[in-house]
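Chain by chain, the residues run as shown.
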Amino acid sequence: MSSDATKGDRIRELMATEGDAVAENTRGFNQGRYESTGRLDDYEELKAEARGIKEDAIARLPELIEEVRRTVEANGGTVYVADDAADANRYITELTAEERDADRLVKSKSMTSEEIEVNEALEAEGVEVVETDLGEWVLQVADEAPSHIVAPAIHKSREGIAELFAERFDPDDPPETAEELTMFARERLGELIEDADVGMTGANFVAADSGTMLLVTSEGNARKTVTATDTHVAVAGVEKLVPTVEDFSPFVELIGRSGTGQDVTSYISTLTPPVGSPVPDFEHDDGPLADGSGDDRDFHLVLIDNGRMEMREDEQLKETLYCIRCSACSNACGNFQSVGGHAFGGETYSGGIATGWEAGIEGLDVAAEFNDLCTGCSRCVPACPVGIDIPWINTVVRDRINRGEADPGQTDWMFEELVPDEEPGGLDLSTRIVGNYETLAKWGSRTAPIANRLSDAGPVRALAERVAGIDRRRDLPEFAGEPLVDWFEARGGSRVSADEAEREAVLYADTATNYVDVDRGKAAVRALEALDVHVRVPDLPGSGRPPLSQGMIATAESAAEDVYAGLATHVDAGRDVVVIEPSDLAMFRSEYEKFLPEASHERLAAASYDVMEYVFGLLENGADPSDLRAPAEGTGPVAAGKRVAYHPHCQARTIGVGEHATAVMEALGYDVRVSDTECCGMAGSFGYKHDYYELSMDVGEPIREQFGDTDRTVVAAGTSCTEQIDALLGDTPMHPVELVAPRE
Amino acid sequence: MSVADRSTFKRRLDSLGVTVTEGPESECAELIDEAAGDPAVGVALDAGSLPDRIETDPTTAELRAAHTGVTDAELGVAEYGSVAIEADGAGTEPVSLFVDRHVVVLREADLVPDMPDAFEWLGPRARDESTDVVFATGPSATADMGGLVHGAHGPKEVHVVLLREPGEDGSGESDATDPEVSADE
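Listed in order, the protein sequences are those of chains A and B.
Residues 1 to 744, numbered by our numbering, are exactly what the first sequence covers, in order.
Residues 1001 to 1185, numbered by our numbering, are exactly what the second sequence covers, in order.
The hints are simulated quantities; they were obtained by calculation from the structure and are not laboratory data.
One or more of the hints may lead you astray.
[Said to hold, decoys possible] Pair by pair, the computed Cβ-Cβ distance ranges are:
(1) B/1129 <-> A/365: 44 to 50 Å
(2) B/1034 <-> A/705: 47 to 53 Å
(3) A/90 <-> B/1057: 41 to 47 Å
(4) A/187 <-> B/1017: 38 to 44 Å
(5) B/1057 <-> A/98: 14 to 20 Å
(6) B/1034 <-> A/34: 37 to 43 Å
[Said to hold, decoys possible] Which chain B residues stay away from chain A? Per the calculated CB distances, all over 10 Å, these:
(7) 1003
(8) 1019
(9) 1033
(10) 1049
(11) 1053
(12) 1113
All residues carry an ideal CB built from backbone N, CA and C; glycine is no exception.
Modelling step: build the complete structure from the supplied sequences, incorporating the hints.
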């Protein structure tokens, strides 16, 4: 656990030093994304079009590489396909140092060039490299790594940059305001660009049909870099190829909106190099600008494989190649909003998609470093303009790490009974304990008084923290003595007979509802019965969410098969499946696609509803809202009041059922205030982990800010949200169905 | 060009802080003269003429010293307020970029509604003529130094001179027949 302690310390340090700047910027970008994409009439169609282009391009990649070689060479440029970083750097250093006799190379920000660490390679050969993107230049001056794909210096404050410039350049009149700092940088960089010999850029996209590259920038540094130098080296991953120039269009409309919330960036350069501009001669500047000197321009396109062609053959990692590096997944990520990219990824990439890139390019060990910062909240999924299921890639990598890095020395036999999973021996203990939560809960419920007392005892908590990394500051769930299924059976089944019922529903007794929060299960039964639904509460297996969150894919798959087996008869009989726990409904609707035959997944997904979505649907179809509990008049007890503060669950929002609760509560006359944060920060097991406890609480801070002093009744649907809000506000919120269900 | 697209284009430019002046081709030099600072360099236009004070065959030193650069644009994209500037042998790209103010001249006839139109226009040119085009939308900008600042590397200000179709609305210069614009302004 010693390496884990270092991980926790590092996260705490980053939160203290960079957290505020990162939070302000990423939350601003994320809000901008909502506003900018909200102005599009055809956002979903554009995303589908963009994804279609990437799918097609990656499928035809070898063919497109050959095509772009032909088109670039026909224009007088060269194409070099580099196997790996060393190969690319050798080509570029030979080109700049020998062929062009270059002293200085000016560079427009490019993640691909960060990936191959070309700056170091060039500097070793005596070539000065100057980053011209203002943020990237700040980092070069400060000798730091980027913390964000799009805005590399996002973690630096204005004051920090002012201090850095004053110290490093000792100017007579040190710049302080954003305007002064920008003009200071513009001037210095302008001079450096004028005297440069070679210009290097990345490429957001390259069209195979013409050799045209697309560069998306706002500052104009890429334009200056290309225009002012007579040799242009463009460095791009092979996955940047698209078939035609026309294919650029949807990406142009999506990339700025997705990343920083700009409708389009200031400059969208479409270059078919060598470009037609004259090369200004700043050394002998009394000659005419346009004297035909552009004729000797030289262009090299360096396409980098570095693991990408292998990723293309990997059914799971292949989707990573669709990534257009817009940073939406970073900005939408609760954890990223708190710590920034320096805590994510490994060598180069950051944010949600980083795990896929690092696994493909650097290897599993690098990807493993911070892979578990992905809590699976899934808010990045609808944010991604090419529809990559980023949490799934993280789960796959986690599963491979589980299998590949197992430590055979662990005393696994001690826990075989406790953890009856489908995983290979030697899996990390805390992973297995969390992954086998269902078994723990069953055991805890059976021995409830003892288990609850034990789990509260100081020495046990200390041991749990030391051995399994479970933070002792976090309250553990208290197991109920009588599971929901037993209660339902003891009361004699449904109060609404099947013959008289409007509909028949199976209430899915998820692990948390069945063994811990039985009250919300009882409330769901009452609410459905009040609306004339015949309810069944069969004993069904857990959904597989906890093992999935730990990357235990085989165990999760086995759970999916068991759940489907248990529900299939009910679905055949035309019964609806009503789910209380949003993360389980998200499993049925999304992740089960990976585990079940297509027809089975589709049938279950179509038959399953979130409980509030179901109530909403019943009301829409004529059920009488007065059968549910309306808000109490006057000032009465808070829990029965009219004013409600509601936090929608992250996964519920992703699958589009976050707002039904709001609609139902409002229909009944409640005054609802909805939280506006992506995720509460708890995400199942994540907030229990000792290393991530503070981070989890920090991610939840917006909820505390919004709801902390409220006199409103706080409601939240997910078990994790409930636990987190309890920790943040000191009060356990109720499930929306508990608010609207008639009293017992 | 439809009235709706012209109106959208102007509204977008306004929200980007870009000033627009309009008139017939015959008034082009006058409109540029009003918009350009001093000293100013430029590139000969396809449509309309430049005022005499614009240096159209500048030395690199004159480019460096210039406050304003005047170029034309090949195309405008109404929905985004973007103008397409071609990197040609005459120096349109450096003249539009290495200055504080870019005055860009666009014919209304060259306005298209949206991005797909722009890329359909570009595709054949890129394939057949290796055209290099930058779609510029407002001034150069950065937020890297702790606040939004214009003029990070490129121009701090952009001014669009929109040349009306001759005889389109009788006079070629009045806004009065453009109800959407009137309503907005």
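**Prompt:** Looking back at the numbered hints, which does the structure fail to meet, lowest number first?
**Reply:** 4, 5
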